[in-house]
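Can you build the whole structure from these sequences, using the hints too?
The listed protein sequences derive, respectively, from chains A and B. Sequence positions in the first sequence follow our numbering and run 61 to 142. Sequence positions in the second sequence follow our numbering and run 10 to 713.
Treat the hints as calculated values from the structure; they're not laboratory data. Cβ atoms here follow ideal geometry from the backbone N, Cα and C, with glycine treated the same way. Mixed in with the good hints, there may be bad ones.
Think about it this way: if two alpha-carbon atoms lie no more than 30 Å apart in a straight line, the pair counts; the simulated DSS-like pairs of lysine-lysine are [said to hold, decoys possible]:
id	chain 1	residue 1	chain 2	residue 2
1	B	507	B	442
2	A	139	B	302
3	B	504	B	410
4	A	139	B	153
5	B	302	A	67
Each pair of labels, with its calculated beta carbon distance range [what the hints assert, rightly or not]:
id	chain 1	residue 1	chain 2	residue 2	range
6	B	74	A	90	50 to 58 Å
7	B	285	A	141	21 to 29 Å
8	B	509	A	104	29 to 37 Å
9	B	202	A	141	34 to 42 Å
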Amino acid sequence: MQTASHKPTYTLARARVGERLRVVTICPDCPECLRLRELGFQDRVEVRKVADGAAIICSIMGMRVAIGRDLGEHVRVEKIAA
Amino acid sequence: MASPVSTSAAPSSSREVTRYVAIAGNPNCGKSTIFNALTGLRQKVGNYPGVTVEKKTGRFFGSHGEAMELLDLPGSYSLQVRSPDEAVARDVLLGRQADTPRPDAIICVVDASNLERNLYLVAQMLELNIPIVVALNMVDVAEKNGVVIDIMALREKLGVPVIAMVATKGVGLIELRQAVSRSPLPPPTIWTQMPIVLEREVMGLARQLPVAPDIARAEALLLLTLHEAALDEVTHHDRAIIEATKAAQQRLGTAGIDPISAPVDARYDWIGQVCAAAHHTGDSHFAASVSDKVDGWLTHRVWGWVAFLGMMALMFFCIFTVAQVPMDWIKDGSDWLGKWVTDHLPESDLRGLLTDGVIAGVGGVVVFLPQILILYFFLGILEDTGYMARAAFIMDRLMSKAGLHGKSFIPMLSSFACAIPGIMATRTIENRKDRLVTILVAPLMSCSARLPVYSLMIAVLIPGHSAMQKAGIMLCMYLLGIFVAFGMAWVFKRKLLKGETPMLLLEMPPYRMPSWKGVALRMWERSGLFMRRAGTVILALSVLLWALATYPKPSDPKATPSEALAQSFAGRMGHAIEPAIKPLGYDWKIGIGLIGSFAAREVFVGTMSIVYSVESKDKEDIAPLRDTMTNEKRNDGSPMFTPLVCIGLMVFYVLAMQCISTVAVVRRETNSWRWPLFQIFYMTGLAWAGAFIVYQGGKLLGFH
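See below:
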C-alpha cells in the first residue's frame, strides 16, 4: 500500500522497535480498533514502538499501550525520518 | 481470605445530602486518591488500570459545610463501554442505575501528563449535560515531562472550571472543594460539533428515545456508534429504536460517513484545537525515556521472565528469612500463654479448650502473620511501581496459548494476595466467556491463606535446610498454580466456554516510585483483616474442632489420648474419609485437617495443632508442631510425613478450592450457583488427582 507521500507503509506489528512512525490507517470494522481510535490512534498521529514480542508496546501521546500482534496488524503506519 | 471489597460506607452524618457528585476519568489517573482525600476514606489505590471495579460511595463537605455524596466510579476510557466495570460508570452517568441517582455534578479527573487521551472522555462528559469540574491531576509529573498546560486557556476552551492538582500531596484539594461547592453549578455550554449530516441523524434519533431530554443526544450518539452485533444485544431500548438506529447508520453510510468512527474523529479534531491553545509539549515524549529502557528489559521475551522469576524468588527468600524472628516471638508468646494457662488452671475441659483449642488453633495460624505481611509488602510494591501490567505483558504469549490474553493475568496476579479481589478485578475483562474462564482459574493462584500450609509442610519436609531451598520449593508451588491455571483455562476455552481469543489492548502505566505510606497502609489493613479473621472464623472453627476432637469422651478412663481422638467425632469423620485419601498416603488425622480446612484453607495448620495437642501425652511439653509432625508414625512404625506426603499435601492445597468466601464471591459475580459448585467440584478433583500422582507416581519411581 502507498500513501500520497509515496512512503512505504507496513503494519505496526511489523515495524521495528525504536522506530518513529505515523499512523496511516486503522481497520474500521472491529470493536478493538474503535477503542484504539478512542485511545488516540488517529490518522497522522505519531507513534513509537517500544517493545516487541508476543505483543507490542508502543508509545503514543505520551502514554504506553500494549497491543496484541494480531491487533497490530490492523494498524498501518509509515516511518518518519529520524 | 476475606477482602475489603464491599462498597465503603459513608461516615455517619445527620446532615442532608445537598448534591451527588461522581468522580470519573480514565483508569489510573488518580480518582481514588482524590476520593480518599475528599472523604477521608481509604479506598485502595494502585498503579495499574482496574483497581476500582465497582462504584464506591463516601460523604464529604463543601466549603460551606454542605454535605455531599461522592461516588468513585471505575475508570473508563470512553462511554462506549467494553467491560462490566466501564458499564458501571456509563450507567451511573446516564442515570440507568436504579439504586443510584444521576449525579448533580461530575469531577472529571484528567491526567495532566497525558492530556490529549484523557480529554476524549472529557469530550464525552461535556455531552451529558451535567455540570463538570475538571481536576487536572499530576501536574507535577506533566511539568517534569516538559509538558506546559495553560490552565486559563484550558478553562476557556472547555467552558468548565479546571483545577490544577497533585492529589497525592493534597495540592488543589481546597480549590476543588470550592469549585464543587459552587451554587449554582452550571451545565457545560461547549461540546463537540459533529458533522452536519451526523448531527441531524443524532437529533432525529434523540427525539424518538424515551429518555430525559437532557441526555437524549448523548444516548443517541452512543447508539449510533455501536456495531451491528452490539446493537442487537442492547436490552434497555425496544426493537423499534434499534431498527431506527440501524436505518440511521445505513443513511449515514450512504452519505459517506462512518457512524462509528466519525464521532471519535470529530472529538479528536476538537481535542486538537483545545491542545493547540492550552497544551505545549516538546518533542521529548518521542525520545526513548528511562521507562522505555526499563521496559526493554522487563518485557523482553527472555529477560522479562528472568526478572519475573527473580522477583518471586526474592519475595519467598525474604518470607523465609526476614519473617523468622517475629515468627519466633509470636510462637514464644503463644507457648508462654499456653504454659501460663496450664499452670494456673486445674486440669479440666476448660483448660483443654483454652490450651488445645484456642491457643493451639488460633496461635498456630497467627504465627504466620509476619510472612503474610512480607507477601503484601512485595505485592504492594509490584502494584505501585506499575510492574503488574508488565507481568501481564510477558504472560501474554502463554495466556494466548490458553485462549486468553495477558489482561486476564492481572486478576490472576491479584489473586496471589487473595482470590476475592482477583475475581472482582475480572470485571475489567471485556469478553463474558473470558471473564468466566478467568474467574474459574483465578483461585488456582496461591493466595496468602495457603502460605501457612506451605510453610508448615516445607518445615516438615526439609527442617534443617537453607532459606534459599525453602524459597525454591515455595516458588515451585506458586508456579504450579500458575501453570495449572493456564492448563485449565486452555481446557475451558476449548471445551466449555468456546470463543475467539480476544486481541490484547492494555495501557501500561508509567513506572512510579512506590508510595511507602500506601504500601504500609495496605499491610496494616491486611494484618487487621487477618487478625479479625483469626479472632472470629478461625477461633470459632478452632473451638468447634477442639470439641469435635474431644467429645464424646472414651468410656474407658484408661484409654490413651490417641484412642480417645480416634473415637471422637473428629476421629470418626477422619476415619469416614480415610478410604478416599488413603491412596494419597494420608491417614485419618490428616483427613480431619482436610475436613476442618474446607471453609478456610489456613485452618489446616490450626487443625493439625489441635489434633496433635489433644493427642499429646505430656501437656507440659509444648513441642513445635513441625517436630510433632516429623515424629508422627504410621501403624507399621514408618514415618507418616514422608517427602511424598508433604509434597502431595502442598500440591493438594495448591489445587483445592477450600475457601468459602471465594465461593460466595464467585456466586455473586456469576449470578448463579452453577459456576461456584462446578469450581468446587473440578478443583477438589484436580487436587485429589495431583496428590495421587505425586504419591503413587513417586512410589513407583522409588521415592518414599
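Violated hints - listed by number, lowest first: none
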